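S.K.: Here's the letter readout for the chains.
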Amino acid sequence: MDDLISEFLTETGESLDVIDSELVRFENNPEDRAILDNIFRLLHTIKGTCGFLGLPRLEAVAHAGETLLGKFRDGELSVSPPMVTLVLQAIDQIKVVLEALENTGVEPAGDDSELIGRLEDASMGRLPEQADETVPQQPDNWDNDLGRELRPGEVSLADLEAAFNSAEPEVDGVATPVADAAPEEPVVHIGVGEFDPDLGRELRPGEVSAAELEAAFASAEPEVEVAPAAAELITKDMSQAEALATAMAELKGGDDHVAGEGGVKVQQTVRVGVDVLEALMTTVSELVLTRNQLMQTVRGLEDDDLKGPLQRLSAVTGELQDGVMKTRMQPIGDAWRKLPRIIRDVSTDLGKKIELVMEGNETELDRQVLELIKDPLTHMVRNSADHGLEMPADRAKAGKSEKGTIKLSAYHEGGHIIIAISDDGMGLNTARIGEKALEKGLTTHEELERMTEQQIHRFIFAPGFSTAEKVTNLSGRGVGMDVVRTNIEQIGGVIDVTSTAGKGSHFSIKIPLTLAIVSALIVGCDEQRFAIPQLAVRELVRVGAGSEHTVENLNGARVMRLRDRLMPLVDLHDVLGVGEAYNGKEDETGFVVVLDAGGRNVGLVVDNVLDTEEIVVKPLSDSLRGVHAYSGATILGDGSVIMILDPNGLAGEIVTAMDEEASIEASASKNAEATNTQRLLLVRAGGSEPKAVPLALVTRLEEFNPDTIESTNGRLVVQYRGRLMPIVPIGSEIRTVEGQRQPVLVFAENHTSIGLAVDEIVDVVEERVDMQMSSDKPGIIGSAIIKGKATDVVDIAWYLDQSRAGNIQRKASNRRRRILLVDADAFARRMIAPLLAAAGYDVTPTGGMHEVHAIAEAGEQFDAMVGDPSALSRIRQEGLWPNLPTLAVTDWPEDTQSEGLTAVLPRSDRGALIAALDSVSQEEKVA
Amino acid sequence: MTTHHGDNAELSAESMNEYVSVRIGDQLFGAPVDAIREVFAPQSVTSVPLALCEVAGLLNLRGRIVTAIDARRRLGLPPREATESGMALGVERGSEIFGLIVDSVGEVLRRPRAELEPVPAHVDATWRSMVKGVHRLDKELLAVLDVSAVIGTAGAKAEAA
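As given, the protein sequences belong to chains R and L, one line each in that order. Counted from 1, the first sequence has number 866 at position 866 by the working numbering; the numbering is strictly sequential. Counted from 1, the second sequence has number 1079 at position 152 by the working numbering; the numbering is strictly sequential.
Pulled out of the complex, with its shape left as it was, chain L reads as follows (with noise of 0.2 Å):
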């Protein structure tokens, strides 16, 4: 599974954002596909003592060492069951690679720019300051992730802390 970045250049894309449509808990959000470098199922993440709570461990990525965050702490949902173990967004940061773990990845959707609407302002404020915006699909809706907030604020903290 690698990036689907560019597939559909001729569609206008000027117009229309695309996403990764990720499952978290029973939210379905979205995740630029712009911001996502790949898709991948994380293995044997190896867990951090003393890190932040979100940091779920350390995995590697073809030799390379991804810090894989945990979405569901991230947007302060109860943790997954132990078996479940997810699915992860490659998120490049500087030299850096992080991994938001995620319950599902579904297909690609393309949305067009205009019906984005804001975050409805009674949201609960840590998802608002990671939520982008909402579009309203047929069946249910599909929160934007501010991919590098759900990210950044981790290295942010842990640089405070």
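Next comes chain R alone, as it looks inside the complex (with noise of 0.2 Å):
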């Protein structure tokens, strides 16, 4: 029986989720019949699944929706958003039921024929307003059989073979035949308190009698192949329990399919609890450790009979460990499911229009990962409808459409997943947040006078900001917020947030996609070994001797000048208070390990940075979780134990340090944030002053053996991942040195790479480019300050045409003219944008139409339109910017339909774009 009761739970549970969202699909879309189809399927399997398991306050509830669902479906009634939130409330009690279900074991007592009327009165025409007729009552339930009253959730004898009787001829398309059989009668149950002839004793809650069951799947049979084969199963030494589980299972899955497509087909998969995968994983993860540690003893041996085998053993292990990892990974739209419903219901509350848009919705991450920010990002969804969207009346008076947008996004990035949640509403109130900081202490008005839009807004992170307790509670924008930091922190997570006032709000999460295995950086300090989690490293730094960085003292704490900022440094033998601390003597080196500690730069003062290593975080033991400084502990490759140290924590450790430090830096970040900066490479190649590479343009750095460069018509190529790899050297030729390896900066594009040959690689630095001079020479986009010289940058573009054996001249231009790039592809953006504005045009890159229609609505204006054809189409079909140019750029011109727009051009003829824009924007002029 408690078996049952849960597995009806869970799937329960799962389908009203469903349901929830697709009724509020429903509502935007009445005339699909598909999405109606599956929400009355869902329901008529919940209320059968009630009446099988003796739940008549359910199933009359799911009856009575169903009823109202069928109108809709026969065409009956038509959709209206009162109706759909009556049906919303029916799932809603529902849900209430079933939490009292799950809690107790058994339907709790109450009334729901007020509702249930409401719903009956809806089914007739009558709208839920006007219904206030006495509510009808349930049948009178005396049974003549028994002789007296049935109790809750029994059925008379009489009914009981009625609603078999009718069963029979009428099951047709849909395998519940016994919910199906009397669609007029609210409670119709399997005997409960029966006795039953084939057991010699009555039947216990929740059984059916073998008799019964039969009876149940011989009605079944035309339509579920399935039912003999469980009928067949159903002996009489098989308790009945067992039976009708596999009964109900088999029914079930008959029942998905036979609605789908008449054909049955049962899906092959099984529950399994959540402790087994965890026990799982934990052994997987102890496999790979000690695999790990094994192909460390044997690298140092010259022993192939046991190389072989375990070349073999650690493929296997990779294959367990990814196909573990597979089990326990589950789309981010299970957490996402709720949302639509809750959207819904804020902007009926709230009088607001919203539009909820989800991108990435089969992102996979750790489930357990999945359960921590589900709650998080449930309440950063409802803050932006809440405080972020405008009235549609305030919006309108913004310009802006009346139905404001929240758009949820998630996809993978290296090992992390990226989360994205903005809004096109007011942004965050900078001025109100400031207050509110300095209210709470937080900050001083000298520091709030130095601190940058974005420094402020981070302070609805800022623990104590908010006064809530928990992430449900909603009283103010931002409030809660430094709750659902701390959980996204707890997890190894980052979050931060960027507004513009008026354009809206835009929160990213970067979480790790699985908490099991993380990659760590292992340091030492003073003769003991610690893990810090390599998501929180932002990079090393060497101090001391034979280094340029040295750790400097300010009123007795320590900083560190790093690239024209002061950070503040923590010293891990301070904060851990063993051993001496690094004392900046000129014979003594050390480690600055920068981390990033809730959005800062910190500096961790470290003896020694030993390895990286994947670890297996295990929780800490009860007494020392009171420490903050450790996160977890881990068993190394070689056995030993060592902490984890938590960033967050060490911050929090030396949290009087950091307020010290915070003016300086936020001194100095002011002026980096200002502006955009890009990270560059430089480069030395045809000639001894650098050039500069916009790093985001670079696939990989490799380096080659002079010799595998081999030459082919007149083209030097380099067998590069099994595929020939073009190689043109910046400047004028590849100068080797004999011994030395060829530096390639390698650029991937459509499965095709192309190799840059530089002499040597420099460095990498972050600077703000403001482009100077535009340059003739070929190959050079133009100019810019970098490190305090002028620096050529480098036109990679020119060089990717030059491997194609495309050489194009290009005609500069000083003229400034507006264009809206639109491609959904990042590279080509990259590609093209700085191209443009290289040629004197001001570009404003988008990735969509999503933000397409922002730009729109914010009423910006273009001299032309250039991207992708599609996208072009797009804007021209929903007539915005409707008399503009528009240049369509494709990796196949001669298939592009050109219809609408001005010139279709191939992507990789990038001097003809710049003609066909100077000469169409020229004609603008003149016209």
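Only some residues are given here: those of chain R computed to face chain L with a beta carbon under 7 Å: (1) E286; (2) K618; (3) V627.
Residues from chain R that keep clear of chain L, each with C-beta distances beyond 10 Å, as calculated: (4) V84; (5) M329; (6) G351; (7) M560; (8) R561; (9) R563; (10) K777; (11) W892.
Simulated from the structure, these hints should not be mistaken for lab results. Computed from a prediction, not measured in an experiment: that's the story for all the values here. Where is the CB? At the ideal position from N, CA and C, for every residue including glycine.
Now that you have both chains on their own, put them together as the hints suggest.
M.R.: Put into structure tokens, the structure is as follows:
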């Protein structure tokens, strides 16, 4: 009985979530039969299962809801928001009863007749508002066979027989016969407390007699092929409850597919307890560590007999790990399923028009992580709806469309998942946040004045900023955000916010894919080793002898100069109270691990950086949980136990030190954040001056043995990953130095790779790139001041053309025209945007229609549009910027419909693009 | 050295208490056999800076992380000499394993339950909170350890901290 109920609860809970979101979809698309059918089917299944299990309250509510939906389905009633609200209320009521059922194991007593009455009235075509008549009573439940009143959940024998009799001819396409059998009866149940001749005793609650079960299967047979098989399994020895469980599972499987396409194929899935998966995961993690340890030991040996099997062991372990990881992965859509309903409720309650856009539903992440971010995400979306978006009238006044948009997106990046929640509302109220921060004593007037907007916005994450205790509470914008931040940081994630007044806010969350195995940096401090999660490590800097960096003192607080900023330092020795702190003497060397602690850079001074290792995070013992410096412990490959440092905890330990340094950092970062910085790779090639390449464009850095670079047909190529990759030298020629490997920047685009050979890779710098001069020299976009020196910025596009043997002359232009660039492909945007910018255009790059709409709503004007032909066509169709010249850029110009477009140009021919742009924008001016 | 639990089930287990005899400082203690999961020699204990002083550190017991609690420190005795590593009693509490580090482990003793005497009232309060009673042996006294109190207070203290 318990097993059945718990299985029922799990499945019904899932179904209800689906119904919730499907109903919201249905409300917006009342014509979509598929959605309605799906809702109907799910609710019907719930009703049917309730019947089996003897849950009369649930069944009655589900039945009334189903009846109303049936009217929609049959076209007798048209869908309206009050109707949908009513159905949603029924779903909510079911949830309330389910919750009580989950807690107590029995269906709670209660009266739903008012709700059922309204549902029935609605089915009759009377709108809920008018439904104030007497509520229909349930049929008199005196039973003649039993000679007493039926208890809740019981049903008379006569009713049951009638139900089965009527079921036989009627079951049609849906394999939940008992429930289907008597649609006009609110309560139909398999007899509870009935005497069963086969068993020789009364049936226990939830049991069903073999005879009834067979009857049920007999009626279901034509549609459900699996049913006979299940019926065969039922023997007299088998416990009746077990048989019912089997049958239910089979029926359910059958039902899903019958409704779909008529064929019956039971999906091969098994429900496995989460604890089993957890245990499996732990074991596999140990296996992986043991494998790593073994590999390390064998690496030093020359024993081929051992190496073969070990390679196989290694491969198999890897596969096993992947497999087990997969069982833990769930699409993030599972965490989002409730959101459409929440948004609908919020928008109905507040009278706002809200569109919820969800992208990347299928992005998978560890279920443990999923569970932990569910509540924070829900909270943030609700916050956006509640406080971020304005009322329709205000939006209209601000020149925005009345309907606000909340966009949720998720995608993988490296070993992480990035989740973004953005809205096009009013943005954060910088002044109010500042006031509140002052009020709470989080900052001072002087500090506040020096802060950037973003830094002020970040106060919403500060502990103590909000007064709410729980994530679910709502009272003002930003309330509970520190709780959200704490939850996210607990799983090693990072959260940040950017917001523009009047345009909206954008929250981004970066979380690890899994918590089970993380990559960690192993550092040494006073003869002991500690692990730091790589996620929190921004960079490593060596200090002391032979290094340009030194630790300096500012009234006892340690700081270090890092790229013209002062960074606060903490010494791990001091924090942990072990050994002697790094004293900065000339002969002493140390390392500074630059940590991301709550969005700020903090340097952690350690004695040594030893290794990186994949570690399995083990929770801390209760007796150590009070120590904030640690987030867990782990066992290393060599079997020793080490502590995992918690960057945020460390920051907490030194919070006073942080505050002292905050103002220094604030003033430094203000300048940096005021402008866009870009990461540039500095290389030396064809001359002694360094040249700069935007790092975002470079796919990989490789070194090749000069001997492997071959010449074919006058071009240089190298075998790279099973293909030939053309090599083009930056500068005039490749200068090889004997015995030195040739550094090559690899650019990958559409499955082809191109290598740019350079003499030397010098550095990576992060600088604001202000292109000072555009250049007519081929291969150079222009010059910018980088690290105080005029540096040529390499035109990657030109070299890519070169490698394809295209050589285009470009006319320079100084006109500053505004171009809207639309291309879903980020690489294409990055390629084209700097190109157009260098040619003297002011480029606004956009990735999709949402951004385009936002820009259109903001009333921005352009001189021309460039981009992906399909996107441009859509803009045309929607009538945005009707008279602009549109230049489509594509890889397949000959296959592209040019209707409505000014010109279609091949993507590779950037010269033609500039030329076309120059000519159309000139025409525009003349006209 | 695995658990001794249940070895002598045929002897009237109801009237006899079984203890693992351990020595901590000069005192002989008895740890009830059914409270002990196993006895092991603690190796390479990683000390944990900032932890409570009685937490000797963490160690790896066949892939599980064990929190080692130093019984001497719990009982307020002077620390062991650095050369003595001692022995550990493995105690399972919930999903966690603790290792109670003692000086040495002796044989299993069985004493009639009826002979367990209460702790004399003038014994130090710290000890009284961790000792359940006393058995009179021929040569010396056997103090019966309340193992979960020895481990438990460490956890409770950490929570309060």
